[in-house]
Structure formats: structure tokens, C-alpha cells
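Listed here are the chains, written in short residue letters.
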Amino acid sequence: MATSTRETVPVASHQECRDQFEQQVTLLMDRLYGTALRLTRHPDDAEDVVAEAISTAWNKLDQLEDLAHMEGWLFRILHHTFISHWRRRQCRQDREVELEPENGDTRFSLFEKLHQPFLLWWGTPEREFINAMLQEDINKAIDNLPDAYRVVTVLVEVEGYSYEQAARLLDLPLGTIRSRLCRARGRLQKALWQQGREAGLSTCGGERSGASGGGA
Amino acid sequence: MNESRISCEEVVQRLFDYLHQELDIDASAEIERHLHRCHDCFSRAEFEQKLRDRLTESGQQEAPERLRRRIREMIERF
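Chains as they are written, first to last, in the numbering used here: chain S, 2 to 217; chain G, 166 to 243.
Derived from the structure by calculation, the hints contain no laboratory data.
Just so you know, even glycine gets a beta-carbon here, dropped at the ideal spot from N, CA and C.
Not one of these hints is a red herring.
Pair ranges (Cβ atoms, derived):
1. S/57 / G/234: 14 to 24 angstroms
2. G/170 / S/45: 50 to 60 angstroms
3. G/189 / S/46: 34 to 44 angstroms
4. G/197 / S/61: 39 to 49 angstroms
5. S/70 / G/222: 20 to 30 angstroms
Start from the sequences, fold in the hints, and give me the full structure.
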């Protein structure tokens, strides 16, 4: 039963609500697209996932209690949207990744390749290496991970999900999240190491020479 | 006071759980104490955190104008 007080409470008009929604979405667009691109690897697919997530978010807007929580909520919808697409097209190849035995890649450590304790007072090659890495090299290394590793990496390393949140979202046991993360990290670091060497980043300094020797 | 000391190997093993804030308060404090007194482990932790920061940046990419237009047009129809 509506009281007179209740009737006078100003309710945001459809137009106001839509404007606010658009404003928030516009602010988040680069991150939504960036995340979708890392997840899907393809610009067209990323655009479709972003568009579908935004449409779903609008249709469920009444479930969002506070517009201040829109960012986290919208990203959860984006991840759910991607995952439902991904599950549908997940092929044997992705499942077989799990069967891959532990190997040198799994334990590869970029730090161990770069760190030189005897250079303590003259420089820190590992820091210089990280600073000299181009964002496109990092993006490429993530994009080249097999789906099963890449998705967990994006959720945990890029988006900051906890292991538990990632496990729930992907419907996987916690141990699987841990092992995928560990394997993904080794592969990723090895790829960055190889890309760095190809780009001429030496182990004793991060200058990009492009032409310097390096060798194998 | 329990002054148990963990080894560098144990720190390396649990470093990512520490950086991801997946350890409980005691385990986390134990790692922190070790990092304060071990330069090599501190350098390693600092490196892995910096690398993680660079990975986080990959979630940010300028959305193409085509997508922005598509979303604007979609929202207009809502």
C-alpha cells in the first residue's frame, strides 16, 4: 500500500537511469575491452563479449542494489559472459592441457635467469628487464597461453580475483586453479624471457638494442 | 614468542600465495619477517610484484571507436 510519503520519494526516471548507466559504462570501457581482449584474444570476439555483458547488465540492473558497486558487478557479468561462450566452444585441446606433465617450463623463473647477486651494488638487471618490456610483449605472452591457463591468469593476475573466486567462477577445484596458475606462470615467464632476448634485452641491463647479439 | 624461521626455499614456494594474499595472517607475517632480513628473497618478491603489476596493465586497452559507437547506439535503444 503506497503512502503519501512514499509517493513523493523522487524516483530516477528511465532517462536518468540510462544516462547514469551510460556514464559508468563509458568510464569502464577501456578496461572492459582490455579484459575481454585478453580473455578472447580476438578484437571482434572481445567487442561481442563487451556488448553482450553490457546488455545483460542493463537487463539485470534492478538486481544491483547500489550503483557504487557497478564496476565489480559489471566485470563479474563480463567474466560470466565470456565463460559461457568459452564453455560452449571449449575443445579437447584445452582439456588435454591438464594432462601435460610438469616440465622445465612449469618451473621456469625469469627472476632466476636475470638476478645476479654479485651485481648488488651496480644495478638490478631484473628490474631493468621489467621496465624495458613493452606492454605489447606482455599482452602477446598472455595471449599465447593455452585457453585453460590464460583464463585463470587473466582472472587472478590481471583482474585480481582470489583463487576461491576464480574457482567458483570457473567451477573448478581450488587445486586446479593453483596448478594452472603455476604452469601458466612458468610458460608466461619463459615466453617473456624469449621475447626479451629476441628484442635484444640483455640479461645485464634492459636497453632495447634490437640488433645486439644475444644468440641462443 | 614463536620465532620460527622459514627457509628461502619455503619462501619461494609460498611467495605467490603471499603476493596474492592467499595466506593467513601468521603465515603472511612469517614471510614478511623473512623478506626483511633476506635481500635475495626481497629482490625476488619485489620482482614478482612488479611483473604482476605489468600483467595487470594488460587489462587496460583503448576501446575502438567502433565499439564505443555500438554501445552508445545499444544504450539509446534501452
